[in-house]
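Novice: The lines below spell out each chain.
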Amino acid sequence: MNYTPRRVSVFCGHYGSGKTNIAVNYALWLKSSGIPVRIADLDIVNPYFRTKDSQDALAAAGIPLISPEYANSNVDLPALPQELYGLVQRREEYAVMDVGGDDRGAYALGRYAPYIREEGNFDVFCVVNFYRPLTQTAEEVMTVMKEIECAGHLPFTAIVNNSNIGNDTTPDDIRATFAECEKLSRLTGLPVAFTTVREDLLPAMGAPTAETGAYLPLTLQKKYFDITT
Amino acid sequence: MAEKVLMKGNEAIAEAAIKAGCRHYFGYPITPQTEIAAYMAKRMPKIGGTFLQAESEIAAINMVYGVASAGFRVMTSSSSPGVSLKQEGISYIAGSDLPALIVNVQRGGPGLGGIQPSQSDYFQATKGGGHGDYHLIVLAPASVQEMADLTVKAFDLADKYRCPAMLLADGTMGQMMEPVVLPEVDTAPVEKPWAVTGTKNARPHNIINSLYLKPDQLEKTNFERYEKYRQIEENEVMYESFMMEDAEYCVVAFGITARISKNAVIAARKKGIKVGMIRPITLWPFPTDAIAKAAEQVKGFLSVELSMGQMIEDVRLASGCRRPVLLCNRTGGMIVSPEEVLAKIDELVAL
Numbered sequence: 001m002n003y004t005p006r007r008v009s010v011f012c013g014h015y016g017s018g019k020t021n022i023a024v025n026y027a028l029w030l031k032s033s034g035i036p037v038r039i040a041d042l043d044i045v046n047p048y049f050r051t052k053d054s055q056d057a058l059a060a061a062g063i064p065l066i067s068p069e070y071a072n073s074n075v076d077l078p079a080l081p082q083e084l085y086g087l088v089q090r091r092e093e094y095a096v097m098d099v100g101g102d103d104r105g106a107y108a109l110g111r112y113a114p115y116i117r118e119e120g121n122f123d124v125f126c127v128v129n130f131y132r133p134l135t136q137t138a139e140e141v142m143t144v145m146k147e148i149e150c151a152g153h154l155p156f157t158a159i160v161n162n163s164n165i166g167n168d169t170t171p172d173d174i175r176a177t178f179a180e181c182e183k184l185s186r187l188t189g190l191p192v193a194f195t196t197v198r199e200d201l202l203p204a205m206g207a208p209t210a211e212t213g214a215y216l217p218l219t220l221q222k223k224y225f226d227i228t229t
Numbered sequence: 001m002a003e004k005v006l007m008k009g010n011e012a013i014a015e016a017a018i019k020a021g022c023r024h025y026f027g028y029p030i031t032p033q034t035e036i037a038a039y040m041a042k043r044m045p046k047i048g049g050t051f052l053q054a055e056s057e058i059a060a061i062n063m064v065y066g067v068a069s070a071g072f073r074v075m076t077s078s079s080s081p082g083v084s085l086k087q088e089g090i091s092y093i094a095g096s097d098l099p100a101l102i103v104n105v106q107r108g109g110p111g112l113g114g115i116q117p118s119q120s121d122y123f124q125a126t127k128g129g130g131h132g133d134y135h136l137i138v139l140a141p142a143s144v145q146e147m148a149d150l151t152v153k154a155f156d157l158a159d160k161y162r163c164p165a166m167l168l169a170d171g172t173m174g175q176m177m178e179p180v181v182l183p184e185v186d187t188a189p190v191e192k193p194w195a196v197t198g199t200k201n202a203r204p205h206n207i208i209n210s211l212y213l214k215p216d217q218l219e220k221t222n223f224e225r226y227e228k229y230r231q232i233e234e235n236e237v238m239y240e241s242f243m244m245e246d247a248e249y250c251v252v253a254f255g256i257t258a259r260i261s262k263n264a265v266i267a268a269r270k271k272g273i274k275v276g277m278i279r280p281i282t283l284w285p286f287p288t289d290a291i292a293k294a295a296e297q298v299k300g301f302l303s304v305e306l307s308m309g310q311m312i313e314d315v316r317l318a319s320g321c322r323r324p325v326l327l328c329n330r331t332g333g334m335i336v337s338p339e340e341v342l343a344k345i346d347e348l349v350a351l
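The listed protein sequences correspond, in order, to chains V and X. 1 is the number of the first residue of the first sequence in this note's numbering; add one for each residue after it. 1 is the number of the first residue of the second sequence in this note's numbering; add one for each residue after it.
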């Protein structure tokens, strides 16, 4: 994938926009490019379906996961581990941060923002899925972006177009969002860093353009409730 | 933008309720259903509706009681411990013959339990969780699409029969994301001549009440209400029958466990075991006749549940105890796997 990563990559966006899956895939891509990387789960909002669900894949790739002690337990407590400071302060390793949804999730980012800003080598990606009900237009996304920036104390630097409708997604569904994404890019002045594409759909997508940024291939994990066909 | 959107189960419930004409939501946050409240908080002000975070679940259900009395479509949602708190109000709503929607996105119990998925409120939902003789119409979705569709259905049934309806989901159903096409609904208001809307000195007072000073009148009302329940049992049973045509064994499962069991049924068929599945969509009224008919055909049943075994009692009753009924279960937020269901099917075959 053609992209020059920054030392700290932060993934924010609307609730359910796909941040966790992208953060995990992005970390795997960094690692496979020979870059030492750690990933952190900052989600203090959603106790279901989180980075820790991918811990086996991350461990197999040799990517350390920093996760709240209570993640995937019955303790619905928004406590973050102290190792997170090491992640932003130890500059010899790359860091991927998976932040919780909306402004409520981004509050957790605020306390690390001064260190990230001081270093000045970061990306804050706005993950967008135009098939999500409350972010179907550029204007709706911009409202959410503003709320997240206010809460997280970091400015967005790029857009990730993660438009999909789950397992039903076709290449045309992805293409149908390019115009709205371009509009978002124009209105915010931010580049589209990636468009995510499920691995099996990549061949049908053609070459990436300035409109799409690089294609970030996604491997979706089969979940226990997916029905065999 | 598109007809098809990607939604969480909880969001699908909220948006479908709005499509169905619900403009009043009262609730209190609790994992794993809080997205319903969060979604309503964002959407209701934009469409002239009311979102109100009450001081407790008890307050919320009584606000539902009030709005239902005025004839409007109204809902509340919670998860298991919160739904326990609502039971007194639900009994009053049933006792006053009012339509309303109560959503329970179940989590592990009893007590504070845990935040992971469960189906252990089956008894509470289907047998009347509060006091007195009453039933709720209980619908059990097994996909995000059904979360939306059955929400609309629940409002319609509640209005049709003037009784509260419950959508009984679980944490996984609430949190999982799937493509969904939101139902287009005819939102023309249902005529509710019984509602308390002000007489304008043109008619006698409508009275909404569950208190009866004369026991014979309360008895008469109860008998009338049960005649209504009999009609619901006769007309509104919904279930899905999967690979039952030549089945020698029958799995019974609803909601999330039905999805998991479907994979086990497919795997068992590949091994040459003739097994099918009945998935109750209405838990009350329970598909008693479908199970009774299956009992004439199959050698045994397997009830798959995220509880210590609750629906299994209805399977036994419906089958007239003519066939063995085994239980495959996990509880406390643990989820049964297709392999565990398959192992139980093997056990059933070996009996």
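To be clear, the hints were calculated from the coordinates, so they are not data collected in a lab. A hint or two may mislead.
Below 27 Å or equal to it, Euclidean Cα-Cα: the simulated DSSO-like pairs (lysine-lysine) are [unchecked claim]:
no., chain 1, residue 1, chain 2, residue 2
1, X, Lys214, X, Lys274
2, V, Lys183, X, Lys200
3, X, Lys220, X, Lys200
4, X, Lys192, X, Lys19
5, X, Lys127, X, Lys293
6, V, Lys146, X, Lys46
7, V, Lys146, X, Lys42
8, X, Lys293, X, Lys271
9, V, Lys183, X, Lys4
10, X, Lys214, X, Lys228
11, X, Lys228, X, Lys270
12, X, Lys192, X, Lys271
13, V, Lys183, X, Lys46
14, X, Lys270, X, Lys220
15, X, Lys274, X, Lys299
Novice: Going through the numbered hints above, which ones does this structure break? Give me the numbers in ascending order.
Specialist: 1, 2, 3, 11, 12 and 14
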